[in-house]
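Construct all of the structure, not just a fragment, from the sequences and the given hints.
Top line first, the protein sequences correspond to chains A and B.
Using the numbering used here, read the first sequence as starting at -7 and increasing by one per residue.
Using the numbering used here, read the second sequence as starting at 323 and increasing by one per residue.
To be clear, the hints were calculated from the coordinates, so they are not data collected in a lab.
Any given hint might turn out to be false.
[Claimed, not checked] Cβ pair distances, simulated, as ranges:
(1) Asn22/A - Val348/B: 32 to 42 Å
(2) Val348/B - Asn104/A: 42 to 52 Å
(3) Tyr403/B - Val425/A: 50 to 60 Å
(4) Phe346/B - Ala465/A: 26 to 36 Å
(5) Pro549/A - Thr374/B: 38 to 48 Å
(6) Thr400/B - Gly541/A: 27 to 37 Å
[What the hints assert, rightly or not] Cut-off 25 Å, straight-line C-alpha distance, at most; resulting in silico cross-link-like pairs (SDA-like, lysine to any residue):
(7) Lys439/A - Gln420/B
(8) Lys445/B - Thr515/A
(9) Lys373/A - Glu377/B
(10) Lys459/B - Arg579/A
(11) Lys454/B - Asp222/A
[As the list claims (entries may be wrong)] Short derived list, chain B residues pointing at chain A, Cβ under 8 Å:
(12) Thr344
(13) Ile353
(14) Ile357
(15) Leu360
(16) Ile365
(17) Ser367
(18) Ser368
(19) Ala369
(20) Tyr372
(21) Asp376
(22) Arg391
(23) Leu408
(24) Lys411
(25) Pro429
Beta carbons: idealized from backbone N, C-alpha and C, even for Gly.
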Amino acid sequence: MPAIGYTAQVLALILALYAIVAAVMGARKNRPDLIMSAKNASLGVTIMLTVAVLVMEYLLLTKHYQTEYVAQVTNHDATTFFRIAALWGSQNGSLLFFAWLMSIFTGAVLLNKWGAVKTLIPYVMAVMNFILIFFVGLVVTVANPFAQLSFFPADGNGLNPLLYHWGMVIHPPVLYIGFVAFIVPYAFAMAALFTNQRGDLWMRTTRRWTLVAWLFLSMGLLLGGRWAYDVLGWGGYWGWDAVENAALIPWLVATPFLHSVIIQENRGMMKRWNVGLIILTFALVIEGTFLTRSGVIGSVHTFAQSAIGPLFLGFIGIMFIASLALFVTRWEILESDNELDSVFSREAIFLLNNLFFIGIAFTVWWGTHFPIISEALLGNKIVVGPPFFQKATGPLFAGLVLLMGIAPLMPWRQISSKKLLRQLTIPVAVGVVVAVVLPIFTQIKMKGAVMTFAFVAFTATVTLMEYWRGVNARHRAHGENYLTAMFNLVKRNRRRYGGYFIHFGVLFATIGIVGMEFYQVETQQNVALGESFSISSPFTGRYDLTFEGLKQVPGQPGVENTVGTLQVSHNGRVVDTIEPYREFFVRQQQPMTIPDVHRQGMSELYVIVAGWEPDGQSASFKAYINPMVNWLWFGGIVFVLGTLVAAWPATQTTRQTATAKSRRNVVEVS
Amino acid sequence: MQSEKAMGIPTEMTRSRTRGKTKFIVGGLVIVVAIAYLIYTGIQSSAAYYLTVDELYARQSEMMGRQVRVSGLVDPTTINYDHQNLILKFEIMGENGQNLPIVFNGPQPDQMREGAEAIVEGKFDGSMFEAKTLLLKCPSRYDDTIEEVTVNSY
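Take a look at the structure:
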């Protein structure tokens, strides 16, 4: 059985190599039969990798411990669910999984009917298979998940305890899909460069794919944060850990890309910038995968240091340099059709948004790589912690919140200052009122927090007004009632109004982030049975926690839980009993600290068991008050829904009217 | 989609191109400088040297009072934990046999045992290293991989 899996991997590698050669030759010599053959070979890659994955799942489910990987990530205690998920539980399996997901996307691209962009397809195939070859090559050579042990172990080691959580089980696949799906816009951009295309065809045709990639990447980040909050037990959702950053950085480059393509579509500008951004995004995706796996920067997440590090580095180098070389040789072709007319234009604000995002991306990248950079340049290994990232990116994030409100007010090309002032009056007034009222009437007094909330209020007002303007116009023009008008408005222009929905998600999340960054309080205490300790925050009032006892409870198979019981009183009144616990994975000799929370509105009291004395008469706890933290999760949900609205395929009729409209628009503008 | 707004352009259309361009370049530069400044001050305020125990002793005077991150194997015989006040004292071992005594205010992590590697960040006053954060790395028992298991403090 393992031999079948391995053979499938080898065949996938051969087919991918063949597909590149056939596709390029077919395009050069104009031979449709060769291109067809390349396409079939490409689909063959997808099929072969699917076979490999199925074989691996079969081995995992049938406890084939002679396969080293199976013994590494499962044991007799593992449930079916975690056996299946063990596919991405460690390095070699997750590489196979990664390659397979990527091949699903390349396969899906080829099954699509491409019509107008048909000429790009051979090159798209070549680029996609080139990337695939690297990953398939890894699992065929240095990271073979089908490697066999010389003996048949009685039992396996079992999955890393950190992974025994639903969030951790779905977080990697979601993140991987976000990563691999960027291969689609990247491959089309490269193909457009190869074939000397001037237009934005590559971008328009892959727009929805890009949004899907971005959606999954965003969800992966959100799930990762939620998992950390629920399982890691340090009271937060983001620790600026190297591997977390590795997933955030591509997102910070993909997001401005999603915005600046709109400029290119409307104004024929930013062509070079957009190509540059997509190259950078994909390169950062691969680099992020490398950081996670090479162990060059220590992190909670890293896999073992391994031989694949240098291979990755070489591949990133080749890919990046080749992309850049192609980019530079096509520099002239990508000349802008228009120039910026005014600072007061949507283009200019989008450009500013791009600069901010890239600035943040660079800052995070720099901080993450600083240990390596400083060691190479200064001979000293210097590390920067979370305070660096918070201080350096905080103001830029706040600036982005503000820009998010300004951009919708700006029309393309230019706006007269009179008109701008008129449009700004209400939102600015709301922002100012918030800035004045908050420090006087609420506990929010810190400058950074007040300012960010004022920005949030300003942007929320602008966004609401945008919806209102559209709805009202439809109401008057078509006599639709407000609800229908709202529905049709969004349906007619999903990207724009779905986009505003996403903006609302960001604003809600900002509230939660400000609450956590500025106003989280924590305490740690050792208490004897019956004793209490307290924690208070101006946002929630005072909590008294009484230690009522410690008990040993069997958890899932192979896990012993030690549960601490605490009675919670809020401002003197008993409101809840919470039970944070410590899981102990016997086989792996590893504990996990699982918090329990008491929710109060959008805020949360978050408590973990930090330790105890053997007699169970006293125990140590850590407690946090996380003000407004649930705004973050709520915002995340709104964010994802908004992205779905923006990415949902338009019906044929709306698509036609939209194209007709945008054509008309182009004529009007030029 | 912006037809109504797009028509409200006129007034300043005739402004000279070059002047416009310079303005954008200057604006862009201002932002780049601002970002560089944020990075610079951020690093100034939170950078820490990452050293081994021996390196710390070798550069003791230079590192005095500075934010430093040190890693080393925990000497299990030296662990002294006052659970009532949550004060944890232990030593990490240098390669040359010189231990670094550490004090940390917080609960003792379970993984503090033979073979665990501690990574601490804080300041060294010449005799005692006062750790603000403590992170433990354990050799996973059944796997040859090294995995970090707790983010104990942050």
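Problem - Hint numbers not upheld by this structure, sorted from lowest to highest - result: 1, 7, 12, 21 and 24
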